Structure formats: C-alpha cells, structure tokens
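Given the coordinates of chain H, work out where chain G should sit on it, guided by the hints.
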Amino acid sequence: MKILVPVKRVVDYNIKVLVKSDGTGVETAGLKMSMNPFDEIAVEEAIRLREKGVATEVIAVSIGVQQAQDTLRTAMAMGADRSILVLSDESPEPLAVAKVLKALVEREKPDLVFLGKQAIDDDMNATGQMLAGLLGWGQGTFASKVEIADGRAEVSREIDGGTETVSLALPAIITADLRLNEPRYASLPNIMKAKKKPLETIQAADLGVDMTRRLTTVSVAEPATRKAGITVGSVAELVGKLRNEAKVI
Amino acid sequence: MSEREAMEFDVVIVGGGPAGLAAAIRLRQLNPETTVCLIEKGSEIGAHIVSGAVIEPRALEELLPDWLERGAPLKTPVTEEEMYFLTETKGFKIPALDRVMPHLANHGNYVVSLGEVCRWLAEQAEELGVEIYPGFAGAEVLIEQNRVVGVATGDMGIARDGERGPNYQPGMELRAKYTLFAEGCRGSLTKQVMEHYNLRKGVDPQTYGLGIKEVWEIPAENHRPGLVVHSFGWPLDDKTYGGAWLYHFGENLVSYGFVTGLDYENTWLSPFDEMQRTKLHPVFRKHFEGGRRLIYGARALSEGGLQSIPRLTFPGGALLGDSAGFLNTPKIKGTHTAMKSGMLAAEAVIDALKTDRAEPASYTGLVRKSWLYDELKTARNVRPAFARWGAKLGALYAGFDAMVLRGKAPWTLHFKHADNETLQPASLSTPIAYPKPDNKVTFDKLSSVFLSNTNHEEDQPVHLKVRSVDLWKTVNWDVFRAPESRYCPAGVYETADADSNPHLVINAQNCVHCKTCDIKDPTQNIDWCTPEGGGGPNYPAGM
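Sequence order for the protein chains is H and G.
Numbered per full-length UniProt numbering, the first sequence spans residues 1 to 249.
Numbered per full-length UniProt numbering, the second sequence spans residues 1 to 543.
Next up, chain H with everything else stripped away, as it sits in the complex (with noise of 0.2 Å):
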C-alpha cells in the first residue's frame, strides 16, 4: 500500500507574524519556515503504518516554491521514502492544491492520502475535503486514531461533544489532528540519509492543472489588544461592574 503525505512549508510555530504595514498580508520575508506541524503529525502516522508494515511506501509531496524541498528532506528526514516537489510562483490556494494532488494521485495511484487537517498560516482547513471531493473518494477528517486493515480505514474522528467513529473504503483521504500521535525528531544521521533519497521536480504547469486564483484578500489586521484587566475588591463589585460597566448580566 502507497500511502501519498502532501506537506506545506510554512512560517514557523514559535514566530509571531507581523501584518505588513500596508494590510495587505503578514511579512513573511527572512522568517524561519517549517513543515506545517498538522502535516508533521500526518507524516508521523503514515511512517509509523509503514513500520508496522500496513505501508509499503510513503511519499511526501510539497507544491509551492523550490525552497519547500527544505521540507520534504524534513519528511524524508522523518522516514518517507521519496518525495515530488511541485514547483509554482506562489502560495496556491486550496482548490488548487487539491487540483494538483488530484493529478499526483492519478499518476502514482495511492491507496491513501494523508494530510493535516489545516495549515497553520491560513488555517483553510479544505484541502483534504475539496480532494476527497475531486476523487470521488471517502474521507476520514481530524484523525486522532487510524486502524487499517481489510481494505479498510476506521479513523476516530474529533467532533463537538466527543469521538465520531468512520469506516471508509480505501482508498480514502484522511486528515491529521493534533493528538493522533507525537512526531518524531528528525535525527541527525537520518538527516544526513534523507540528502540521498529521490527528490523529483515537476512545473506545475506540466500538470495541465487550472491554478487561476479564485480568491481575494481584501485586507489583513492585528487581532485588537487585550486590555489590560483590574481586580476588584469583592464580589459586590464585581456584580456591580459587570452589570453597570460591562453590561453583561
């Protein structure tokens, strides 16, 4: 069993993003990037089906500029055994995406395709769906348990309120959420290793994919500051405010 992971370059967890000052997006320029930690998480489990021997092979994929092979060596780094790089201009959106994958899977024909359930940087959260949608296949979204087995995936699901159990036909689609597992470090030998793994690119455009963008940013803004709370004296005041200053009760 192939199992396909799309991964995204992204600007790192631990750094705190600046509006540009004319709103129309977060500088990004001389910021440290990192694999989307959703996908790190979806890399992790398809590695581990690997080593339990359900998989045979794991493929990374990455579709956006030539420094997202920094991230695929990361996943093969990790354990994936290969990997394609996509090259286009500039972030796709997810219809895009799911188009490009769409055309990835009819050419290496995975019984499995396993993503984060959403990038950190713009949190879409669609990919994964609009893919399943393209296919025509199952869909197992925000995973925290995946058994495979019979041709077959039960993916615990997270939902509202508790845990939804899906079983899918293969191939399926199957999004990572966060507690599905722990990832591994990269360790430095594997690291050195994944420098010799196959990297393979292709121009997106030799996809014959439509990539026009269909959406618009209108403008981007700060999230207002939190104001700076008080302490009150007791609880007399405290009602007293929240009704007469906050208005709330």
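Because the hints were derived from the structure by calculation, they are not lab data.
Just so we're clear, the structure is a prediction, and the values are computed from it rather than from any experiment.
Warning: the hint list may mix true and false statements.
As the list claims (entries may be wrong) - Label-pair restraints from in silico Cβ distances:
| id | chain 1 | residue 1 | chain 2 | residue 2 | range |
| --- | --- | --- | --- | --- | --- |
| 1 | G | Ala96 | H | Ile230 | 54 to 60 Å |
| 2 | G | Gly162 | H | Met192 | 24 to 30 Å |
| 3 | G | Asn501 | H | Glu90 | 57 to 63 Å |
| 4 | G | Ala159 | H | Glu108 | 38 to 44 Å |
| 5 | H | Met192 | G | Glu127 | 16 to 22 Å |
What the hints assert, rightly or not - Covered, in the sense of this in silico footprint (three residues per stretch, anywhere, with C-beta under 8 Å from a C-beta of chain G), are these stretches of chain H:
| id | region |
| --- | --- |
| 6 | 4-17 |
| 7 | 97-105 |
Stated by the list, open to error - Output of the computed footprint for chain H on chain G, the stretches with three or more beta carbons under 8 Å from beta carbons of chain H:
| id | region |
| --- | --- |
| 8 | 43-49 |
| 9 | 163-169 |
| 10 | 446-454 |
Note that the Cβ used here is the ideal one computed from N, Cα and C, for glycine as well.
Frame of chain H; chain G shown alone:
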C-alpha cells in the same frame, strides 16, 4: 559502548556565525577535497545571531572578492555618523570624530542584518560543499588521548527529570581530525576546552559586555538610511562602561541597542532597563516616534581584546572568532575580525592536514602576521583605560591614545578582575529608579522576550545549571539581592517568596542564549549548557 552513531569528517565546526562560516568556506576554497561539517544550535543559520551591526567588509572582500555579484546582503552603506556624550537631558556631539575616535570611522562600512549575512554565507558554503546542520547543539567535546577528536550533539527527547521520553533520539558523534570552536562569546564547549588545556594561562581575564537590541520599523519620512549614531555617558555612571547605538538600514528599519560592560559594580543595575530608558533621551527618542518595535534580542560579547585572547590552538583544534575574543572593542565590531580568524584557522588546518600534525599551531603565527593582530594591538589600551579611570577620563585617554600615541603606546594596560568579581554588595550599592514602561517607546521584559520568538521544548532538563542552591541563598540573595534577576535580559531568573523563604526560580524556556549568567554570577555558580538543539530565539533575517 555508546549507542550513538558516529561519522568522520576532516573538520567539524561548532557554530554557524561569521567565524565558523568563513572558516568553512576557506577550507573548501583551499582544498575542495576537505570534508567539512558545521553544526549550529539555532533552528536555522542566523536564528541566534545578534549584532548591531555595522560591518567592515575587509575580511569578506578577502574571502569572496565577488561578494557584490554574488548578492551579499550589504545594501546600506554608512552615510552619516554621530557620536554623543550624554548627560541626562543633553547630548554633546563629539567633533572631528575621525581623528578623536578613529576606530569609529565608518566610511566604507555597511549597516546590515548580520543574521541575513550569515544566511547568505551559509548558502555560499553549501554551494562549496560544506555540510551544514542547524538545529543541533554541540553538547560534548570528545577528547581521546588528550586530543580533541570531535564533538557529540545533544540527545533529543530527554524529559525534565532526565529520563528518556517517548521521542528520545541519542546524539551523534561528529568525529574530525580538527574541530574548530566558533560558538561566539563564552561558548559552552570552548569553556570546557579552555579548562582542559589550560588555554587561559598567562593572559588577562576576559571582560565582557551585554548587548541588548531592538529592531524598529519607522515612518519612511523619518528614515535616513546609513545614519549611524553612538552614545556614551548617561544613563550609566562614570564607573560603568557602555553606550547605545542606533543605525538606520534596510526598508525603514532601525537597529537600536545598548551595551553594558559586565564589569559593572552596582548590583542594582539592570542592563535591560538602561537600554530602555536611553530611548527616552532626546538624542534617541525622535527616531522612534510613530514607529513600531519588531524584534528583540540579546547577546554577550567579549571586550577584553588582545590581552585577553587565550592560546588559540590545542591538539585537534582551534578557537575562532569571539570564542577566542577577537572583537575590536573600541571599533565595536567583531564580524570582520571573526571572519578573518576563521579564514586564518582554515589555512592552518589545511597546512596541518598536509603534514598530519595534531595541533594546527601555525594559526597563531598567521594571526600575528595579519592585519587582525595589528588592529587589536592598536586598540588594546582603550577598553582597559575605561575600566581603570571611568568613562570621562577613559575617553580622554582614548583620544590621547589615538591622536598622540596612534595606538603605539610602549605600555599595555591590563584587566585585573574577572567580571564576576566586580559586583558590590546590595548594602553598598545605590538603588536605581528606572522609569515604568510607557508601551510606546519603552517596554517591559516579558513583552520584549516575546519578540525574540524564543522557544524551548518544554519537557527537557533545565539547561541553566546551578551548582549549589545554598550558595545562591548565602551569596546571591543575602549579599547581592539576586543580581541575576536584573542582568538577565530575558526574565529567566526570578526570586520567589522573597519575604518568607527566598528561593531561585529558573524560567529556562525564556533563555535567549546570551550567556550573561555564566559570566556575571558572583561565584560562577551558574553553568550555561546547551539545551535541546533548535531551542532558543528565532531571530528573523532582519536582526
């Protein structure tokens, strides 16, 4: 037997700053067959780089003469220079700066982001075939038969209690014929190597400064690219060495910072608050109006100069850059000297490789014959003059040294004390009233550390090791009233229950790796060790 994997190289370099990267590049230029591995504890090259930074391109020109064509990020030439002596309300501009303080003549120099320069140097090095691994800290020096044979990277995934967590990954031995330590000021492995080989024998104690920096974005109409401003005097008293810098560079960016000499005496002094309040002085304040603060960071630097440089080589390796203390203090520049030392060490290593000698000893001679040595020799009496006679007389001596003696004084002034010995007890020190942050121009420590993007994996042993908790209580608290809570620019050290049962709390996850605690603790009771690789600040390329 160790379960660690091992790999062999000709040369292993610890630290991806200007010194280490220049050495790596030079090694491959001199002999493309040399296998060179460079490790860096920051999450990426440049992540732990803090510098003003006005750089002199001299060493870069020697290393990569076509740096301009290669797109080196040296884009803002210095255009205007001002040096002020500050009193609380006034600033006196020093006239004829070129002659009085020739070290500070910055024509031909560039205001840069050193983090960006290092990222670019790393690209050049990788192109030449250097293997660079950021995110891995050199945690242990490997010494066999009294020869350094490499370093081991730290284990990953060790839990706070010291036990192996579920994601445990053992470190790796990077073995090499020669190991070059380019960890910057007060390197933790350098410290061990210096002790083991007694490299500091017969030289002055090193003296340090703590640089704390902010990067601001200011309105385009106020931006004067290439403007360089320095100050000394207020807010420090005459006995304390230090001053501020402010450089306009890049796209509406301003680099502002303050260096405090760590031989300061007053235990109540807080370098962070000195840096904050200096922004309120009329000479500086106008530059920040309407701007916003983007980045914050801090790093100690070596100020001792020539008298404090240890023996540079030992069997199996050498010390580079600020690990050795090559910073030119009156010039307040260390990048060109760091790079030059790295290049010379590379020459010595190539030489030693050919003849299979244990110690790349020709490095010392190469340094002595180079401009690096001449520069440090000329500058050698300035910093100790300040240590001896204070800011005003020190500055007068510096002017005399430059204009009359031209750096050729027949004497050499020495440093008498290590920085940890200079602190006065709380009872003999005058408390300092620092203004409250206004959250427009001045800020508190925690909101500042937030802007350094600092992170450490939470579940790991504390990397700031206190040797004796009792000693902290009887000395740090009882005598000095917890100076670490003031000199630490990241709020790592706090005293809990000060009124009833004072004890030290260490917020190690805040640490920006400046090394000041390792330097200034009165009894050298704190050891700064490398945390898990990839931890620490994540300074963006603008830093």
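Structure-based check of each hint:
no.	hint	result
1	G:Ala96 / H:Ile230: 54 to 60 Å	56 Å, holds
2	G:Gly162 / H:Met192: 24 to 30 Å	28 Å, holds
3	G:Asn501 / H:Glu90: 57 to 63 Å	58 Å, holds
4	G:Ala159 / H:Glu108: 38 to 44 Å	39 Å, holds
5	H:Met192 / G:Glu127: 16 to 22 Å	18 Å, holds
6	4-17	holds (count 4)
7	97-105	violated (count 0)
8	43-49	holds (count 3)
9	163-169	holds (count 3)
10	446-454	holds (count 4)
Consistency note: the structure conflicts with earlier hint 7 alone.
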